[in-house]
Amino acid sequence: MNNTNRFWYFFVFVACFALSIPQSIAQEINDASTIKVDELSDKEVQDLLERAYSAGLTKSEFIKALEVQGMPAEELAKMRKRVDEEDSSRTGRNTKISKRDSREQLDQNEITSGMYQSPSATPLVSNENEIFGSSLFYQANRRLSFEPSMNQATPKSYILGSGDLIYVDIYGQSEQYYEATVNPDGFVLLDNIGPVNIAGKTIEEATSILKNRIGKYYTGLLGSNPNTFLQVTLGNVGSIKVNILGEVRLPGTFTLSAFSSVFNALYAAGGPNENGSMRKIKLVRDNKQVAEIDVYDLLINGTAQLDLKLQDQDVILVPPFVSRVKVKGEVKRPMTFEVLEEDNFSDLLGYAGGFTDEAFKDRVAISRITGNQRSVSDVYQNQFDMFILKGGDEITVQRILDRYSNRVQIKGAVFREGTFALAEGLTLSKLVKNAEGLRGDAYTTQASILRTRDDLSTEMIQVNLRGILDGTVPDIPLQREDVVRIASIYDINNEQYVQILGEVKRPGVYPYSKEMKVEDLIVMAGGFQESANSQDIEIARRLEDTDLGTLADIIPTQVDPDLGYNPSSPSLVPFDQVIVRKRASFTMQRLTAVEGQVNSPGIFAIRSSGERISDLISRAGGINQFAYAKGATLIRRTEFFNTESEQLRRQRNLEGLQMKLAEDPSNSEAQAELLRRLLTDSPSALSPVDNQLAQNKKESLDQIASETPGFAVKLKETEAVAINLEEILKNPGSENDLLLEEGDIISVPKLLQTVRMRGDVVYPTTLRHESGRSLKHYINASGGFQRRANRKQTYVVYANGAVKRTKGFLGIKNYPPVEPGAEVIVPTKGPKVPLRLGEIVGITTGLATLGLVISQINWQ
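469 is the number that numbering that gives the first Met the number 0 gives to position 470 of the sequence shown; each next residue is one higher, with no gaps.
Worth flagging that the hints you see were computed from the coordinates, not collected in a lab. Errors might be hidden in some of the hints.
[To be verified] Simulated pairs of lysine to aspartate or glutamate, EDC-like, Cα-Cα distance not exceeding 20 Å: (1) K749 with E726; (2) K360 with D401; (3) K279 with E341; (4) K749 with E822; (5) K432 with D469; (6) K389 with E273; (7) K240 with D311; (8) K791 with E822; (9) K389 with D377; (10) K77 with E49; (11) K429 with E416; (12) K749 with E725; (13) K279 with D346; (14) K806 with E822; (15) K279 with D342; (16) K58 with D46; (17) K360 with D384.
[What the hints assert, rightly or not] Label pairs and their in silico Cβ distance ranges: (18) T302 with I387: 19 to 27 Å; (19) K331 with Q408: 30 to 38 Å; (20) S161 with K331: 46 to 54 Å.
Think of the CB as a built atom: it goes at the ideal place given N, C-alpha and C, for glycine as much as any other residue.
Could you put together the complete structure from these sequences and hints?
See below:
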């Protein structure tokens with residue numbers, strides 16, 4: 000990959016990750032011309048730098064991308080300075096004036112020029128086909144680069160070469176400092192000393208040469224008791240060129256750091272390709288092989304030859320692999336491995352990480368190429384160290400069998416169900432003892448043993464469990480895979496329960512107990528409701544042997560209201576139903592309301608079932624001088640109103656009490672106890688009583704509407720009832736004076752002085768009411784009828800909700816009177832449908848036929 004493509008690859012990455020820069024950076028990185036570096040905080044610059052490093056970018060590549068995007072030179076210099084400062088802070092280096100304070104690294108482009116850049120690691124199809132060790136150099140593992148440390152002390156064995164910068168310190172009685180670079184001829188030039196040839200020498204050898212040369216001028220360096228000392232250190236690391244050849248992903252010549260190892264070079268070349276060897280990588284120096292590297296030593300034992308430093312013009316040769324074998328099944332690394340000539344199966348097992356916990360370890364199957372076909376060999380555990388592998392071998396390690404060699408099971412009415420070991424001489428009684436004995440509900444008349452035969456069919460063995468445990472019947476020896484089932488008496492009998500209905504707090508089904516009384520069941524149900532009649536309780540008892548006409552035995556009973564002990568109270572039997580009825584005299588308060596022009600409007604409770612409208616108006620102080628009695632309206636609930644049951648209403652009241660007590664932090668002890676009872680004893684959910692009458696009516700109306708085109712009924716929960724309050728107040732108790740019902744609202748309006756015109760009149764408007772004027776007057780005052788007005792169907796809706804329509808006889812229309820607050824409604828005729836040609840011909844033909852008949856009659 001050339002430098003241009005590499006640069007654009009990094010530039011695209013920078014543009015992509017710029018969207019995740021903190022919001023305080025006002026401009027995106029893809030518009031670098033508008034970035035103001037002084038406005039960026041240190042944290043934001045550090046975040047950019049960390050992201051660049053984690054993506055594999057270098058500082059120079061990042062700065063170059065900004066430059067190409069149009070960042071001005073002045074801002075680019077500021078950004079470079081900020082990045083250098085943040086980078087120095089991140090690596091812990093102190094910036095000082097002298098170049099000796101830190102060892103300079105070569106630019107990443109220079110060190111890794113030609114480095115393989117894989118676009119992405121292609122995921123392998125399966126682990127078994129993956130070559131062990133190849134993923135070490137994949138793109139997914141680019142963080143493992145084997146890069147040498149630049150902060151390590153200069154190794155004494157380091158060989159100096161062209162471009163190396165050295166520092167020579169002289170200290171003691173005399174002090175001097177030299178800084179020089181090895182030139183291409185291998186010399187360093189020291190002031191007042193002259194050139195010294197140190198190329199190809201180690202640091203230790205160069206120190207000795209310089210000491211002898213400089214000792215001519217500083218005599219204290221030489222002798223048996225020197226008083227002046229000399230130290231040579233490496234200033235920066237030079238670069239070397241390494242040739243990587245053979246079966247690698249990107250062979251070529253690479254420029255690397257002089258501290259680089261073989262693994263660093265292999266990483267730069269992308270590692271061995273699919274045909275490359277991992278076991279016999281050769282390092283050639285001066286036409287001689289100086290080392291052979293086995294990558295498996297690093298992967299298996301962690302003993303990499305990282306101390307083997309490369310030198311300039313070294314050659315790394317990756318030959319083709321020797322041979323490979325594949326391991327499948329129950330090993331920890333089911334992969335393809337490269338093996339050497341002397342590797343046996345035990346060695347391969349070490350490469351594969353060993354067996355898994357569920358592996359069958361006694362024998363493995365090996366498929367081997369023999370001639371022009373394959374053959375299968377079984378290798379047993381004692382042969383693992385002797386079996387030498389060959390290329391193309393496929394080893395399969397199987398899983399242990401999913402079966403038990405000594406298992407028996409016991410289920411049912413024992414204290415400890417489960418699986419037990421089949422010990423020698425294990426019998427049914429011993430197994431029951433191992434299961435810690437029978438529970439009290441165990442059905443001991445019989446037990447069953449499910450036995451598995453040799454052909455995997457099963458048979459059921461019935462045994463007398465009671466006789467075996469008593470010793471009166473011989474015990475049963477158990478066999479492998481026997482399953483013993485001991486039933487519970489409740490498994491073969493119906494569950495017994497009783498039920499309570501009616502006026503109790505928690506009606507429902509409860510478990511039956513022997514000698515249970517009615518009082519016990521009522522207490523379990525939370526006690527009586529306030530409406531319960533303790534003297535009218537029935538027990539409905541199931542009958543077993545009776546004629547077809549009798550369904551249940553009804554037993555009337557009574558209990559004390561306080562549920563005290565009563566020895567004469569009948570005991571319940573399983574499946575009894577206890578019904579607690581309501582007191583006939585019990586009823587909850589029922590509310591009505593009066594609004595409008597009365598002296599004391601508001602909410603009123605109905606005093607008695609015979610209370611009427613006149614009584615309620617009287618309790619409200621009567622109507623005042625502004626009231627329009629003829630316009631009063633009664634709003635009454637219909638059967639479709641969702642009326643809450645008394646039980647639900649009581650629950651709402653208890654919830655309100657609970658909320659009130661919870662809001663008060665200073666409750667007394669009695670109030671706190673009441674709140675606790677409300678929180679624990681109140682029913683969690685109640686529903687309104689079903690209104691079966693309303694449901695039946697709704698279903699009937701829906702059926703009529705579905706069968707009758709154009710028929711639709713709008714169901715209302717409330718509706719207005721027309722009343723004549725003026726007549727009611729004059730004659731209290733008359734047939735106009737209706738009895739009150741719960742939820743009634745009587746609305747008494749002010750004296751109205753207008754008449755509203757609606758419908759098919761020329762100008763629908765609101766007119767002033769004039770006494771003695773007819774309906775015709777108000778229609779004319781609104782412009783008269785429109786052309787499509789249905790004059791015969793004109794009607795008046797009065798303020799109290801009453802309706803009257805126009806009547807006619809022999810062409811004479813009798814319009815209803817108009818009172819204050821009335822609404823006059825003029826409906827429209829239906830759309831006029833023009834006659835079709837066929838209809839006109841039919842009518843004409845019919846008339847002609849009728850005329851002919853008449854003429855014939857007259858002629859006769």
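Taking the hints in turn, this is what the structure says about them:
For the given pair, K749 sits about 17 Å from E726 by alpha-carbon distance, which is consistent with the 20 Å threshold. Note on K360 and D401: the hinted pairing holds, with a Cα-Cα distance of about 15 Å set against a maximum of 20 Å. With a C-alpha separation of about 14 Å, the suggested pair K279 and E341 falls inside the 20 Å cut-off, and the hint holds. Between K749 and E822, the direct Cα distance comes to roughly 16 Å. Compliance with the 20 Å bound is thereby established for this hinted pair.
For the given pair, K432 sits about 13 Å from D469 by alpha-carbon distance, which is consistent with the 20 Å threshold. At most 20 Å may separate the alpha-carbon atoms for a hinted pair to count; K389 and E273 meet this at roughly 19 Å. Among the hinted pairs, K240 with D311 is consistent with the structure: their alpha-carbon atoms are about 5 Å apart, no more than 20 Å. Straight-line distance between C-alpha atoms of K791 and E822 comes to about 16 Å, which keeps the hinted pair within the 20 Å bound.
With a C-alpha separation of about 15 Å, the suggested pair K389 and D377 falls inside the 20 Å cut-off, and the hint holds. Taking the CA atoms of K77 and E49, the gap is near 18 Å; set against the 20 Å cutoff, the hint holds. Proposed proximity of K429 and E416 is supported: the alpha carbons are some 14 Å apart, at most 20 Å. The suggested pairing of K749 with E725 holds, with an alpha-carbon distance near 14 Å, which does not exceed 20 Å.
A threshold of 20 Å between alpha carbons decides the hint, and for K279 with D346 the separation of about 17 Å falls inside it, so the pair holds. Of the pairs offered as hints, the one joining K806 and E822 holds, with about 17 Å between alpha carbons and a cut-off of 20 Å not exceeded. Distance check on the hinted pair: K279 and D342 sit about 14 Å apart at the alpha-carbon level, within 20 Å; holds. Among the hinted pairs, K58 with D46 is consistent with the structure: their alpha-carbon atoms are about 13 Å apart, no more than 20 Å.
Proximity of K360 to D384 is assessed by CA-CA distance (about 14 Å); at most 20 Å being required, the pair is judged to hold. Between T302 and I387 the beta carbons are some 24 Å apart, a value that agrees with the proposed interval 19 to 27 Å. Checking the proposed 30 to 38 Å range against K331 and Q408 shows it holds: the Cβ atoms sit about 33 Å from each other. As the Cβ distance of S161 to K331 is approximately 49 Å, the hint placing it in 46 to 54 Å holds.
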